[in-house]
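There are 2 protein chains.
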Amino acid sequence: MAKEITPRSEDYSQWYLDIVQKARLADNSPVRGCMVIKPHGYGIWEKMRDQLDFMFKETGHVNAYFPLFVPKSLFEAEEKNAEGFAKECAVVTHYRLKNDPNRPGKLMVDPEAKLEEELIVRPTSEAIIWNTYRDWIQSYRDLPILINQWANVVRWEMRTRPFLRTAEFLWQEGHTAHVSAEEAVKETLLILDVYAKFAEEWMAMPVIKGVKSANERFAGADDTYTIEALMQDGKALQAGTSHFLGQNFAKAFNVQFLNKENQQEYVWATSWGVSTRLIGGLIMTHSDDDGLIIPPKIAPTQVVIIPIPKPSDELTVVAEKIAAELKAKGIRVKIDNDDQNRPGFKFAEYEMIGIPVRLGLGQRDLAAGQVEVARRDTKEKANVPLDNLAEHIAGLLDEIQSNLFNRAKAYRDEHITKVDTWDELIDVVENKGGFAYAHWDGTTETEEDIKAQTKATIRCIPLGWPNEAGKCIRTGKPSERRVLFAKAY
Amino acid sequence: MAKEITPRSEDYSQWYLDIVQKARLADNSPVRGCMVIKPHGYGIWEKMRDQLDFMFKETGHVNAYFPLFVPKSLFEAEEKNAEGFAKECAVVTHYRLKNDPNRPGKLMVDPEAKLEEELIVRPTSEAIIWNTYRDWIQSYRDLPILINQWANVVRWEMRTRPFLRTAEFLWQEGHTAHVSAEEAVKETLLILDVYAKFAEEWMAMPVIKGVKSANERFAGADDTYTIEALMQDGKALQAGTSHFLGQNFAKAFNVQFLNKENQQEYVWATSWGVSTRLIGGLIMTHSDDDGLIIPPKIAPTQVVIIPIPKPSDELTVVAEKIAAELKAKGIRVKIDNDDQNRPGFKFAEYEMIGIPVRLGLGQRDLAAGQVEVARRDTKEKANVPLDNLAEHIAGLLDEIQSNLFNRAKAYRDEHITKVDTWDELIDVVENKGGFAYAHWDGTTETEEDIKAQTKATIRCIPLGWPNEAGKCIRTGKPSERRVLFAKAY
Numbered sequence: 001m002a003k004e005i006t007p008r009s010e011d012y013s014q015w016y017l018d019i020v021q022k023a024r025l026a027d028n029s030p031v032r033g034c035m036v037i038k039p040h041g042y043g044i045w046e047k048m049r050d051q052l053d054f055m056f057k058e059t060g061h062v063n064a065y066f067p068l069f070v071p072k073s074l075f076e077a078e079e080k081n082a083e084g085f086a087k088e089c090a091v092v093t094h095y096r097l098k099n100d101p102n103r104p105g106k107l108m109v110d111p112e113a114k115l116e117e118e119l120i121v122r123p124t125s126e127a128i129i130w131n132t133y134r135d136w137i138q139s140y141r142d143l144p145i146l147i148n149q150w151a152n153v154v155r156w157e158m159r160t161r162p163f164l165r166t167a168e169f170l171w172q173e174g175h176t177a178h179v180s181a182e183e184a185v186k187e188t189l190l191i192l193d194v195y196a197k198f199a200e201e202w203m204a205m206p207v208i209k210g211v212k213s214a215n216e217r218f219a220g221a222d223d224t225y226t227i228e229a230l231m232q233d234g235k236a237l238q239a240g241t242s243h244f245l246g247q248n249f250a251k252a253f254n255v256q257f258l259n260k261e262n263q264q265e266y267v268w269a270t271s272w273g274v275s276t277r278l279i280g281g282l283i284m285t286h287s288d289d290d291g292l293i294i295p296p297k298i299a300p301t302q303v304v305i306i307p308i309p310k311p312s313d314e315l316t317v318v319a320e321k322i323a324a325e326l327k328a329k330g331i332r333v334k335i336d337n338d339d340q341n342r343p344g345f346k347f348a349e350y351e352m353i354g355i356p357v358r359l360g361l362g363q364r365d366l367a368a369g370q371v372e373v374a375r376r377d378t379k380e381k382a383n384v385p386l387d388n389l390a391e392h393i394a395g396l397l398d399e400i401q402s403n404l405f406n407r408a409k410a411y412r413d414e415h416i417t418k419v420d421t422w423d424e425l426i427d428v429v430e431n432k433g434g435f436a437y438a439h440w441d442g443t444t445e446t447e448e449d450i451k452a453q454t455k456a457t458i459r460c461i462p463l464g465w466p467n468e469a470g471k472c473i474r475t476g477k478p479s480e481r482r483v484l485f486a487k488a489y
Numbered sequence: 490m491a492k493e494i495t496p497r498s499e500d501y502s503q504w505y506l507d508i509v510q511k512a513r514l515a516d517n518s519p520v521r522g523c524m525v526i527k528p529h530g531y532g533i534w535e536k537m538r539d540q541l542d543f544m545f546k547e548t549g550h551v552n553a554y555f556p557l558f559v560p561k562s563l564f565e566a567e568e569k570n571a572e573g574f575a576k577e578c579a580v581v582t583h584y585r586l587k588n589d590p591n592r593p594g595k596l597m598v599d600p601e602a603k604l605e606e607e608l609i610v611r612p613t614s615e616a617i618i619w620n621t622y623r624d625w626i627q628s629y630r631d632l633p634i635l636i637n638q639w640a641n642v643v644r645w646e647m648r649t650r651p652f653l654r655t656a657e658f659l660w661q662e663g664h665t666a667h668v669s670a671e672e673a674v675k676e677t678l679l680i681l682d683v684y685a686k687f688a689e690e691w692m693a694m695p696v697i698k699g700v701k702s703a704n705e706r707f708a709g710a711d712d713t714y715t716i717e718a719l720m721q722d723g724k725a726l727q728a729g730t731s732h733f734l735g736q737n738f739a740k741a742f743n744v745q746f747l748n749k750e751n752q753q754e755y756v757w758a759t760s761w762g763v764s765t766r767l768i769g770g771l772i773m774t775h776s777d778d779d780g781l782i783i784p785p786k787i788a789p790t791q792v793v794i795i796p797i798p799k800p801s802d803e804l805t806v807v808a809e810k811i812a813a814e815l816k817a818k819g820i821r822v823k824i825d826n827d828d829q830n831r832p833g834f835k836f837a838e839y840e841m842i843g844i845p846v847r848l849g850l851g852q853r854d855l856a857a858g859q860v861e862v863a864r865r866d867t868k869e870k871a872n873v874p875l876d877n878l879a880e881h882i883a884g885l886l887d888e889i890q891s892n893l894f895n896r897a898k899a900y901r902d903e904h905i906t907k908v909d910t911w912d913e914l915i916d917v918v919e920n921k922g923g924f925a926y927a928h929w930d931g932t933t934e935t936e937e938d939i940k941a942q943t944k945a946t947i948r949c950i951p952l953g954w955p956n957e958a959g960k961c962i963r964t965g966k967p968s969e970r971r972v973l974f975a976k977a978y
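The listed protein sequences derive, respectively, from chains A and B. In this text, residue positions in the first sequence follow the working numbering: the first is 1, and each later residue adds one. In this text, residue positions in the second sequence follow the working numbering: the first is 490, and each later residue adds one.
All clues stand as given, with none of them false.
Mimicking EDC-like on lysine to aspartate or glutamate, the simulated pairs with C-alpha atoms at most 20 Å apart in a straight line are:
id	chain 1	residue 1	chain 2	residue 2
1	B	569	A	110
2	B	749	A	338
3	B	786	B	539
4	A	477	A	424
5	B	595	A	88
6	A	87	B	599
7	A	106	B	606
8	A	22	A	290
9	B	587	A	83
10	B	511	A	135
11	A	235	A	288
12	B	960	B	916
13	A	98	B	605
14	B	835	B	777
15	B	576	A	100
16	B	603	A	110
17	B	724	B	705
18	B	595	A	83
19	B	511	B	493
20	B	587	A	117
21	B	603	A	88
22	A	87	B	589
23	B	823	A	58
24	A	321	A	365
25	B	823	B	880
26	A	87	B	605
27	B	569	A	100
28	B	576	B	705
29	B	576	A	112
30	B	587	A	116
31	B	603	A	112
32	A	47	B	535
33	B	724	B	937
34	A	22	B	624
Derived coverage of chain A by chain B (criterion: at least 3 residues anywhere in the stretch with Cβ under 8 Å from a Cβ of chain B; other residues may be distant):
id	stretch
35	51-64
36	146-157
Quick caveat, the hints were computed from the structure, so don't treat them as lab data. Just so we're clear, the structure is a prediction, and the values are computed from it rather than from any experiment. Where a beta carbon is used, it is the ideal one built from N, C-alpha and C, also for glycine.
Bound conformation, chain A alone (with noise of 0.2 Å):
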């Protein structure tokens, strides 16, 4: 299997796909640009959605859920988001179809069944949201909101690629609502932190903490929050965002509340989000020219047992008493019964799909009370004694965990590069990949030249680093602080 895949060095793009295959995470399907994501893509995404879901519910959200589709009138209402993504929707017109008297046992659009106003399929839902929220919210009694929801959306993007863009994705939206600016800004920062620790502490995967350039701005937001990821290639991944909507959308929507000194006020608004775009990152932060590798705490399964060279009545035995013992320890682990393939295709095929350890269990090493446990992360063989098995494993688990967030760490800092000059934010860009940090006059005017010339954007003025005044690396003009460049998905 492994020899299958193209290696990074050769073709990265074709690396990814490749992984996308192979490891089978998701299929291509016949609707352009939409991806059928396959049972072990999904359970990924599972393990994902399950701890975000506990981390919004500990920070005080709950969930619901809003229609798929936006009335046109709706959509419109605010004029920056709808204009951010009226190029890239999906449109209802009609609600019927009939038989096709030209083409018999065809079925065509029944013209007859136009809708009055036509229906958007829902890109981002703060319009269907605000609207309803209209008729939520009287007093500041009735605030804070604080919804997330779980969902499908559709943009009608021109280049698509499995989990980094897609036409349809799975994300959730978490969309608040508060009585005052301060009180709004305070929670996009909480789910700013929320994401952060999800993407280093769950995904293994380093980010950088920062806020857009108005550029960079969600349609309809006054400010929006990022985490910033950096691949392999040097490219980096917007991996969620979470945005203060200022009182755009309360105006827009109508939507005022009645607060403390007795007067109507409009409401202030956030809505944030990550989606399966997070898969992509996952992919392209840990995995190699073998496969995926995918960190302990997400992986759907995370031990395999294989019997060697193939099930017997007395190694099954041996391998449900280790399973047990692993499960005890809340470890998800699969004895692999078949008894068709060979160790070796086996041993590749799993590192193929990521798993993260890898038990072998022989006649020998069982009679010598050992076992041989290979990580996935670094390729490590080892044999290990079968008493106190479990607690080995576990402890193996957290050291792979560790283990993939600090080499994605080493490689992330090792590709943040300070430059001072244009000759160097461009050796960076072309060069050595990763973020630049340079100086840059704060206009849009500079960044768009910027992006014109080195197809590199500003991913985000970063939270918490050390401000340092200096002169933009493009016009030479004052800067208050650096950002960071980069090329990005």
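Since the structure of chain A is provided, determine the placement of chain B on it from the hints.
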């Protein structure tokens, strides 16, 4: 609060709508026939989903995700299925909006962005899934495929009611592929058992397992199995269906496999689903004129603790201690720390939203070492000693769960009436309500005639009930067995 609900005796239909609204389960939306599922309603759905998901996985199924859109050419491939859904489907015809030159700031569908092939918003996913399975299945070694999907679907129903019948709804749809008819039928019945077990043990909603008559079959199925529940107004509710699809979809999408005899054969299929409709069933199985009643096992909050007359430092300390003890027993508990509303208001409110158990924590009771425990199902109150309170509550929740099931079952059993004449059938359908257990000659003509005369349909031919020959109550022709007739939602 409570008095705002229309009593069932006055207007059952309005009572249902009142519960949906006052118990904060769902709201109408500006999209025709689509509802907003509010946090309390969604919390119940999450409990249902988590338990069902657990049961599917326990029986060997995995989750995946397939596209929202079905290209028209795939949609129409299985003709019966297509015919069944063509009249009620949302059709995407365009992928872009543009500025409307005649209405500044408004948008219009861009006529230049017309899709070459229209996309149907999935009303069910057999077509898109079987088109994919063709690529996944070559030999018997690729089978069975046991996949489930949690998703939204859209059916453009003309007459909608929250949860019971909405244009968009949430559901799960299982789609399995097998080497033989026998294995597929076994799967169909396995899932029927999972559904029945879930309905009875978790929702406390008694159901009858049965098979549908040809007339009531899923479009594209060879056989449809169902669980049928009985609502308090004497109407039946189809609560879940499991379909044996034969080789219909395999033939429509040319999905063949190489069998053990090295011959090409069409694959055998099943599909099965339950939806947010279950919440409608939950409401109409248990609730009363004071509001919603939720069985403890699927209640997002099982116990609420209310300090009386209002929160104080001292009462909060005790409330938190009790809450900790309950949580340690796995009980989902909430403390009401609101200091604005009075206890009477709160009692009515928690009755309205259906929290199974309410603890009233008053100074005087505490001095006596006890709290007031009120159960939602019977409205009984008792003073219970603080010692071993958690154990008492755990037992009480079990008792409420059983009581809800038993009283629903008693009602249901009283409303299965054996009838032997046409007049008796009319009487049951029009006056007593519930199921009329009657002989039927087995023809679609008679079934449709009975429906036209009485509005009652054949809900199912119950499984495992004694067979007994007789004469059709409508035509007098020979009948092999009795079937269950009822009016239905």
